[in-house]
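Novice: The task is simple: from the sequences and hints, build the whole structure.
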Amino acid sequence: MISLLLLNGGVGSRFEAGGPKQFVTINGVPILVYALKAADAVASITQIVLNFPNGHEETVRNVVRDYAISTPITYVPAGATRQESGAALLAAATNDLVVIHESARPLVQSRDFETLIASEHANVGFMHEIPFTVAPVDPATHRVTGSLERSRLRNVQLPQKFAAADLRRGYEYAQGADLVYTEDATMCADAGAEVFFIEGSEYNIKVTTPGDMNIASLIVSGRAGGNE
Amino acid sequence: MSKVAVVTGASKGIGRAVSERLLSPELKVTTLVVIARQSAEFSQTIVDLREAAGDRVAVIDYALDVGDREETIAVIHDMYARVKRVDILVNNAGYTNPVAIQQVDFADFERTIAVNVYAPFTFVQELLHLGNRFKVIVNIASTAGINGRAGWLTYSASKAALINMSEVMRDELKVDGTRVICLSPGRTATDLRRILAPDEDPTTIMQPEHVAEVIGTMIGPVGRFIDQQNVVVRQ
Numbered sequence: 034m035i036s037l038l039l040l041n042g043g044v045g046s047r048f049e050a051g052g053p054k055q056f057v058t059i060n061g062v063p064i065l066v067y068a069l070k071a072a073d074a075v076a077s078i079t080q081i082v083l084n085f086p087n088g089h090e091e092t093v094r095n096v097v098r099d100y101a102i103s104t105p106i107t108y109v110p111a112g113a114t115r116q117e118s119g120a121a122l123l124a125a126a127t128n129d130l131v132v133i134h135e136s137a138r139p140l141v142q143s144r145d146f147e148t149l150i151a152s153e154h155a156n157v158g159f160m161h162e163i164p165f166t167v168a169p170v171d172p173a174t175h176r177v178t179g180s181l182e183r184s185r186l187r188n189v190q191l192p193q194k195f196a197a198a199d200l201r202r203g204y205e206y207a208q209g210a211d212l213v214y215t216e217d218a219t220m221c222a223d224a225g226a227e228v229f230f231i232e233g234s235e236y237n238i239k240v241t242t243p244g245d246m247n248i249a250s251l252i253v254s255g256r257a258g259g260n261e
Numbered sequence: 483m484s485k486v487a488v489v490t491g492a493s494k495g496i497g498r499a500v501s502e503r504l505l506s507p508e509l510k511v512t513t514l515v516v517i518a519r520q521s522a523e524f525s526q527t528i529v530d531l532r533e534a535a536g537d538r539v540a541v542i543d544y545a546l547d548v549g550d551r552e553e554t555i556a557v558i559h560d561m562y563a564r565v566k567r568v569d570i571l572v573n574n575a576g577y578t579n580p581v582a583i584q585q586v587d588f589a590d591f592e593r594t595i596a597v598n599v600y601a602p603f604t605f606v607q608e609l610l611h612l613g614n615r616f617k618v619i620v621n622i623a624s625t626a627g628i629n630g631r632a633g634w635l636t637y638s639a640s641k642a643a644l645i646n647m648s649e650v651m652r653d654e655l656k657v658d659g660t661r662v663i664c665l666s667p668g669r670t671a672t673d674l675r676r677i678l679a680p681d682e683d684p685t686t687i688m689q690p691e692h693v694a695e696v697i698g699t700m701i702g703p704v705g706r707f708i709d710q711q712n713v714v715v716r717q
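Same order as they appear, the protein sequences are chains A and B.
Under our numbering, the first residue of the first sequence carries the number 34, and numbering increases by one thereafter.
Under our numbering, the first residue of the second sequence carries the number 483, and numbering increases by one thereafter.
Hints are not guaranteed to be accurate.
[Unchecked claim] Short derived list, chain A residues pointing at chain B, Cβ under 7 Å:
#1 Asn-60
#2 Lys-70
#3 Ser-103
#4 Pro-105
Note that these hints are calculated values from the structure, not bench results.
Since the model is a prediction, treat every value here as computed from it, not as a measurement.
Even glycine gets a Cβ: it sits at the ideal position worked out from N, Cα and C.
Specialist: Structure below.
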């Protein structure tokens, strides 16, 4: 049995339309609903741990009620950072295996969760090839400091699955070393856990700007009748 | 695998013809729920549908005026507890009392909107709140909702609302993979048409079975390849 940790506490500072980004709508539907519905249709997800931005618990609860999400939900306040939020979600998880996702990735499908859950690896997430070249630089001096091999780099996506114990050690490691990670796969790998990746999809975009919202809306529209 | 279809306004006309069409084996319906106001015609329709369904399809009936929102909600809850899911919903029940602007009785306008707009909305919203994921929703509008017709203010306005409501439903319910079909029949030989055009010879215009045939196609596997933006059916 799996607990889904659903990060939903971001405030979306890059959105021009005010308010937390998880209440931004895609085709009129709050963005949070897409991940909730996809998870709701997966039988082995028996708990959803969901956080909410400060002052928005009732709004989140109303969305869950209005869209008739049937998986039991544990509500947790968002932390000050992504890492704190992740640790707080994990602390409320009741299963030994967890899947972590974020509501800003509304294009996740039930089968994505199922693929991770079915993986032989305890710690595994979706990662996608990078279609462009990245360079290591010193931002202060604008100096290019070397090169990176594109084929050995991946764009880190969500969802990811972890053994709860490994993820907990990852957060402890980061806190102990005073490191701040923006996602958990590399954190757990740094902490010494074996972490694997499954090829992700270019459609699993993270919606952070109004432009992304338009793209997500187009992708959702193209999926009429095909979403499970 | 069970498949449940619900038809409102099922006693006669397009509603009855669609109910009959939903019994055909290729649509794989296992339970058909028919809803209409109490009448001798409805009783006869239920008998006929049960006979046609045999052991293959369970036919459940509810006597209900969908213009009564409280009653409608109660029936929806009772029905959902029994059938556990609604795959296909055909919002067909319609009402009209065509009169000129000066003669519109406001209570009658409200009834038109209650039956033609609020009822389809209520069926969809209540079932969503109960956790239902529709496969197909069919809203029966009218060509009178595309262009207003003199003398039909209340009816034209209500059907225009239904056409636009269907577009919103189509977008918002993509999250469930639901297909929302809005069908606008032109002149069809129904009792409602007789109210709208009392002097017309009903044998010269489209029959409810023709409309039902189109609805059957739209609901069936071929339907997903047809543009669902307000489908007009006319002779």
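Novice: Where does the structure disagree with the numbered hints, that is, which hint numbers, in rising order?
Specialist: 4
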